[in-house]
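Q: Add chains R, F and C with the ligands to chain V, keeping to what the hints say.
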Amino acid sequence: MPYLLNTEADIAEMLARIGAASIDDLFAPIPSELRLQRPLAIPPGMDEITLTEHMSTLARKNQSASDAVCFLGGGAYDHFVPSVVDVIASRSENYTAYTPYQAEASQGTLQCVFEYQTLMCQLAGMDVANASLYEGGSAVAEAVLMALSFTGRTGEVLIAESVHPEYRLTLETYLANLNCKVRTLPTPDGVLNPDDVAKAVNDQTVAVVAQSPNFFGHLEEMEAIGVQAKKAGALFIASFDPVSMGILKRPGDYGADIAVAEGQGLGVPLGFGGPYLGILACKKEFLRKIPGRLVGQTTDRNGVRSWVLTLQAHEQHIARNRATSNICTNQSLLALRATVHLTALGPQGLKETAELCLQKSHYAASELCKIPGVSMMSATPFFKEFTIRVGGDAKEVLKRLRAEGYHAGLATGQWYPNRKDCITIAVTEKRTREEIDGLAAKLASVLKA
Amino acid sequence: MPYLLNTEADIAEMLARIGAASIDDLFAPIPSELRLQRPLAIPPGMDEITLTEHMSTLARKNQSASDAVCFLGGGAYDHFVPSVVDVIASRSENYTAYTPYQAEASQGTLQCVFEYQTLMCQLAGMDVANASLYEGGSAVAEAVLMALSFTGRTGEVLIAESVHPEYRLTLETYLANLNCKVRTLPTPDGVLNPDDVAKAVNDQTVAVVAQSPNFFGHLEEMEAIGVQAKKAGALFIASFDPVSMGILKRPGDYGADIAVAEGQGLGVPLGFGGPYLGILACKKEFLRKIPGRLVGQTTDRNGVRSWVLTLQAHEQHIARNRATSNICTNQSLLALRATVHLTALGPQGLKETAELCLQKSHYAASELCKIPGVSMMSATPFFKEFTIRVGGDAKEVLKRLRAEGYHAGLATGQWYPNRKDCITIAVTEKRTREEIDGLAAKLASVLKA
Amino acid sequence: MNNPQSTELIFELSHKGRRCHRLPASDVPMQTVVLPGYQTASAPPPLPEVGEIDLIRHFTNLSTRNMCIDTHFYPLGSCTMKYNPKRHERLAGLPGFANLHPLQDDDTIQGMLELLFGMQEYLIEISGLPAVSLQPAAGAQGELAALFVAAAYFRDKGQTHRRKVLVPDSAHGTNPASAALAGFEAVTIKSGSDGLVDLNDLKTKLGDDTGVFMITNPNTLGLFEKNIKTIAEMVHGAGGLIYLDGANMNAILGITRPGDFGADMQHYNVHKTFTGPHGGGGPGSGPITVRDFLAPYLPAPIVRRDGDRYFLDNDMPKSIGRVRSFFGTIGILFRGYCYVRTLGRDGLRAASEHAVLNANYLRARVAEGYDVPHPGPCMHEFVASARSLMKGKKVRAMDVCKRLLDFGYHAPTVYFPLVVPEALMMEPTETESRETLDAFADTLLAIRNEDPEMLKSAPHTHIVSRPDEVKAAKEPILRWQE
Amino acid sequence: MNNPQSTELIFELSHKGRRCHRLPASDVPMQTVVLPGYQTASAPPPLPEVGEIDLIRHFTNLSTRNMCIDTHFYPLGSCTMKYNPKRHERLAGLPGFANLHPLQDDDTIQGMLELLFGMQEYLIEISGLPAVSLQPAAGAQGELAALFVAAAYFRDKGQTHRRKVLVPDSAHGTNPASAALAGFEAVTIKSGSDGLVDLNDLKTKLGDDTGVFMITNPNTLGLFEKNIKTIAEMVHGAGGLIYLDGANMNAILGITRPGDFGADMQHYNVHKTFTGPHGGGGPGSGPITVRDFLAPYLPAPIVRRDGDRYFLDNDMPKSIGRVRSFFGTIGILFRGYCYVRTLGRDGLRAASEHAVLNANYLRARVAEGYDVPHPGPCMHEFVASARSLMKGKKVRAMDVCKRLLDFGYHAPTVYFPLVVPEALMMEPTETESRETLDAFADTLLAIRNEDPEMLKSAPHTHIVSRPDEVKAAKEPILRWQE
Ligand SMILES: Cc1ncc(COP(=O)(O)O)c(C=O)c1O
Ligand SMILES: Cc1ncc(COP(=O)(O)O)c(C=O)c1O
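Protein chains in written order, with the numbering used here: chain V, 1 to 449; chain R, 1 to 449; chain F, 1 to 482; chain C, 1 to 482.
Quick caveat, the hints were computed from the structure, so don't treat them as lab data.
Be careful, since some hints might not be right.
[To be verified] Listed next, the in silico DSSO-like pairs over lysine-lysine satisfying Cα-Cα at most 30 Å (straight line): (1) 61(R) / 399(V); (2) 399(V) / 420(V); (3) 471(F) / 284(V); (4) 289(R) / 471(C); (5) 16(C) / 284(R); (6) 231(V) / 199(V); (7) 289(V) / 474(F); (8) 157(C) / 181(R); (9) 399(R) / 61(V).
[Stated by the list, open to error] For each label pair, taking beta carbons as the anchor points, the in silico distance ranges come out as: (10) 25(C) / 67(V): 29 to 35 Å; (11) 208(C) / 223(R): 38 to 44 Å; (12) 413(R) / 260(C): 20 to 26 Å.
[What the hints assert, rightly or not] Here are some of the chain R residues that sit facing chain V, going by a computed Cβ distance under 8 Å: (13) 48; (14) 49; (15) 80; (16) 82; (17) 83; (18) 429; (19) 433.
Even glycine gets a Cβ: it sits at the ideal position worked out from N, Cα and C.
Here chain V stands alone, though its shape is the one from the complex (with noise of 0.2 Å):
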């Protein structure tokens, strides 16, 4: 059998000193009549060489962003992943290694998440950030959780509409059964009116929270809309695009109390969606209102500077029931890599990727808003990533460009239904101007058909 070690010999001097007579009595504790009596309806196994051929057959039945040039992004993005970190990520030692709950045994991986956590602060221009969290979604959540708890309020939860349409979906779903509303501000031009805002809020609004670049590549005025939070009382929760770090302003700069983002765009190989990496970091007073894993600096008994898990008193082990969060695992070897990534960057790799960005994207949008009977859904500026409409049905135009060999954009009106003739297009700095240029050409010819 696959990965066992023992041998019939083997097992018959085990069962000898255990005093059992074979291993079927070692289930003694489980009633006969709770066991299955038959063999699990599952395949026989398949050794290497099957499985490869196996997989390799099914990997062929996908059509990848490296068979068709890839335009998607809403959260997920085809930017470029250097070696090294995936040469990091593949060390034995970080990827085969558990939770550094011995200090002594883990002071590679605990080291490596104090950075990470400086990193993330240096990134959203924040005191503190936690050792991770799942993905964008759920630290949207996580950070309403957090803010909940902090200001004691049982109001509401203000949401722009521009939000990731699975953050919000999320945070919904963790609300669902606590004292608290979530209200979704409506974004009817594309962003979300700093005016609306302060209309809705109120003494006992819990937080507002809004994206930028928010859903449909558009920024957002994130700064005045902090300012209405703030003179509410509410916590202002940032959801931000680590990549637009580069050049745009941090979280922490606009006035954000809490940033938190997708950080796939990291080091993170888009793999269908995960594991993705949820970044959460705040300003210091949130500090014992954190969820999850923290690393902190200390000294050893010989005085040597050395990296342990603490103020573990919060979390799910100790504080069971009162923790701040039931986060056990979390994204360590996804924080590692976005650790690497951003080391690999450093700040002017980080600009420049962003300058292509949203260079890129402008070259594109001006390009395809050329072709007759497309615009721009919305004026307000943009960084990577920006929503046309192509005044049909963007599912179907979308379906055209999938023969052409292009992963044009996203059909914007399976979230938005009044936008069904939109669609979102994501550049990164890996897409080149021929591929621009095709993906414009492709367009053209698809919409005068």
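A: Chains R, F and C with the ligands only, in chain V's frame:
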């Protein structure tokens, strides 16, 4: 500049410490009239994103064994490489180290080579093996040089025409300037006739070289050939296929003095021909004639078992012009791959691999020979490779099969002009019945057309 | 091997002007993009500046400061530190999987959906519960999602008064934490001296307000709750649901099924049972399976088959919604799929058999010198106690753990579950050999007789020893600062 | 971190019946293949039997017993231990390259041939010699191939009396060994006290029998042979050829070219200059470039271009033949190509400039406490001497080396070249930072003042210390045996 660390500021300080005004000053020893006065005519550099795109474009211009079904052999085979082999070989500690000159800093490499040497002895049935040679062809040449030195004879080296043509050519190149002639013994029946050896040897014959399975895939009468060699006091050098050792008799067991092999089948990717692995093992009386590096067991100053490079007195850096060979860099990483590969297979895995090769190749041979006009070139036994006659120009037939998605075999006539109607076909454990049947069907229709 | 190179904090290695990753020049006509000034930063974040060799040396050297399965025996109880097959890592890199965008059209991801559909089916079959969601990101999120499902079900049935979630005192901390997070009130159920749920205590706490009983079976002491059928009847009788914390599924694959022993819902820890791997603390994957009547409430989407075609079904009006964006932790589900296909029906059962065999063998060896409070046979793990060492030599379980590190063994889980004093929880898994178990047991036994000071000051061979946790928590330093 | 697990010899871990790699059942109708009994073995070879976790732990733990570039500064002179870019490893894995069979038809390998053609062109340009063969498997085989070429050329010209190959006493051992192997007689040329070829000695040894002068430039002392033009004129005047051992090309990329300073032939060590990597002792790649009149003798095949199409040219009637099967060490040539394309014309030159800068800086630092016998500036490396330590404290160069290991530095090349007593040959390469050089130099200087016993018994922090080489050679144990 890529990979450079010192900034302009560093450079200035370093130059100051050196006492030079500029980097250019450091090149003062190079007479200025010898300096290149223009930039190299080499394209400007590329970042990783651009390089990745460039290399992917080149890769797409190839039709690899992943794109077409591969029945090619001729000394390089599409055997399966278990994932554990890649994992170990890609550890930084293995591939970014140098030759283990500092034993204390290289016990990992040294122990692996020691294990490799042992495995090669086990595989070939020999007493001693070296730390590796470049590949199968120069391994034959090195074995003959050993024989020259050991026998002190100056007569002929006899080599079967059925030995890999490129190995024979390599041998001839190596001996061209030495006092020794290479004579090729014809193999009109596809295998060497031991009687022909009996007739060709004399008391100055240095060595007899044969290969089994031979270039056509067929098995030689190695034991009988060896007997004839020995009768004349010549050494018997056997070139073998490591994978075949799962079922075939070992060189040491059929009387070879020196066994050499191409080790590619032991965990080395096809990689268009290199790096591969030259295996050399022999009986202990030839120990002092072994070319290249050897690792030996010893104890350290605390009595701990440890490993070192040994018998270096015969190596080039000590013996210089009296060295047994000029080899310095060898194929350490490939020896490691072979070590891991054979460990992964174990005796049972090697046996089953060999049996699958045997079964599948014989199935292929019998299916192909059902096609009108197709017949075996030789009725002698074979292992995983065999040669058929197709009644017409093999090159043309192969070209048509390529268009159908098959690397169907080698045009034997490239190396044996009187066999222009022959195709040499290799069938490894990876080939499925479906692929074999597909080949048979396509060959049938190509021959009918 | 002494190795001080490049292990300062990466920020301390920073050197102005150094670079690693470089970007191409823009190939599109320069647009003088005018982003409003208030949107832009004056400078990029103050990330470290290092070269590629600095980066590689730093992180490579750091990695060597970890113990891991590939280098050490790692008998961490409740974590199922089994071997992580290398073939999974290779196959996960196939571009046809690794480069799939999560929002691609179903037509372009048929291979992926086929795989996920298969995984759904296998998880259903193994648990004996007929509906599944692969969405939860880890075990804890599986618990949460299932409790959301239960809450939605109760709401639908007009039973919003079922506000209590019962949790044994031996349960993992995520159970009560999830209960609270899902808006329930967590109530603790005592364990009897036999380590099993105390039926009397359960009885007194069951009632009209009972929502869910979260049970771990085999439980965290490594014992099978042999009264599970009775428990289920009691809970169901009170109108509650049974939730099975499936962290310990490694003991019972193909042997007994939660759906068959009374569970209404369960989560899997794919990163444990189906050899994730663990990644130094994640990612995980915590799919849930549930009974038919709970299926409508599962998070969406779910993969369904229509003839030869697979599709993502979002059309689930009663669904609780989502607990995360996108489909789930594909990377871990993918490896779990590879694992299930490699082992197959017989291999899965054999894995559990060997896991239980190894645990019982190690238990027998450890019992030569340590208290093992509960009678055997155990399942895939067991809990020993260092209390005798505590009494005599004032050596604590943690001291034993630290000393084990010196001998090249990762420590067992310590001080958990809470019901055993000086607990040492050991789960050897099925992928270890008898030789390894013996060598480990011999070490554990030998340690007992060492000078207590040797243990109290251990480890002696690691880069650090006993970092001060109190100090870390008192004056928390959670980031580097200049 | 103490780590005794699974590092016994793999044979000692063997356990009957254990398996790692498993094979599928045969899917073809069973053929009762009758191989003659005398061809078959009664049993497979007695290979070790271990499980996958045994294998992984064994080899992973063994690997941690190596120093390497990715974890340590490795200033091994003459070896050019520069950083090995990770992108090369990733790209080399592209199936479109990794899965190419060496005997595929040219039509199916156009991308590969385009790459190799490019590499040919770049090597020609860098050396200033117009013809190239990528075939040789390493530097030493490049030497051999070039000497075969020379022999064939002389034979063709009827000059078979040119039987002597002149080699400076500072030359690498492969030079005289290659000469002997190619049927020449090696003659040693003395170095002057300035470390350069002694022109007088050369003059006396030149003559009608001179075949080839093998010169390393920069030489193994890290010095540029500034009289190279004169030397070339002398040798050419005597009818001989100049062979340039290109192991030290890292100093002169784009700065001076062997073809321009008089060489007729040279080899490259792609695994050094173009960052191979080294693989713990190989593979290498040793292409040679030669002057036009030697081109016909090069090993075949060579990649040529015909319009847009590339092909392998085997039609070389005067070729020496082959020095190996198949095309060459593609894996290393591939990485070399990636490297040349990444650096580009400016990057290559900058690499040499920084290599020379770093060497001179380190030289200045080391000279603070060690003899550096030859005047600077040096090129990419330099040779220091521990002879003052030897005289005073009886500390040898090897002791210094061993002690360096304790501080996490790989040792320099020691006792080579032979012309410097107690030689410590240091090549920092361009990919190291000034900080690293300073830290290394500080350590080297500090070591000098340590208690001599500390050095003589070093290393103290490694798994072994001073394995007995004499014993190893006296009673050689070259394989494990039961
Ligand atoms: C018994 C038990 N339940 C639940 C969990 C939580 O699972 P996860 O860490 O995947 O969130 C764990 C993990 O440690 C566990 O051991
Ligand atoms: C100066 C010099 N020449 C030749 C060689 C031989 O090269 P290779 O090891 O690639 O055969 C070396 C390698 O160490 C060298 O340093």
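Q: Measure nothing beyond the straight line between the CA atoms of residue 231(V) and residue 199(V); if it is 30 Å or shorter, mark the hint as holding.
A: 11 Å, holds
Q: Given a cut of 8 Å on the nearest C-beta pair, is the interface hint for residue 429(R) held or broken against chain V?
A: 7 Å, holds
Q: Could you see if the CB distance from residue 25(C) to residue 67(V) stays within 29 to 35 Å?
A: Given a distance of about 33 Å, which is inside 29 to 35 Å, the answer is holds.
Q: Would you mind confirming whether the straight-line C-alpha gap from residue 471(F) to residue 284(V) stays at or under 30 Å?
A: 18 Å, holds
Q: When you check the alpha-carbon spacing of residue 289(R) and residue 471(C), does it fall within 30 Å?
A: 20 Å, holds
Q: Would you check whether residue 82(R) satisfies its interface hint, that is, whether its CB is within less than 8 Å of any CB in chain V?
A: 6 Å, holds
Q: Measuring from the C-beta of residue 80(R) to each C-beta in chain V, is the shortest one below 8 Å?
A: Holds, about 5 Å.
Q: Given a cut of 8 Å on the nearest C-beta pair, is the interface hint for residue 49(R) held or broken against chain V?
A: 5 Å, holds
Q: Would you check the hint for residue 61(R) and residue 399(V), treating anything up to 30 Å between C-alpha atoms as holding?
A: 28 Å, holds
Q: Does the beta carbon distance between residue 413(R) and residue 260(C) stay inside 20 to 26 Å, or does it fall outside?
A: 45 Å, violated
Q: Take the C-beta atom of residue 208(C) and the C-beta atom of residue 223(R), compute their distance, and say whether it sits inside 38 to 44 Å.
A: 52 Å, violated
Q: Given a cut of 8 Å on the nearest C-beta pair, is the interface hint for residue 433(R) held or broken against chain V?
A: 13 Å, violated
Of the hints listed earlier, those the structure fails to meet are numbers 11, 12 and 19, in rising order.
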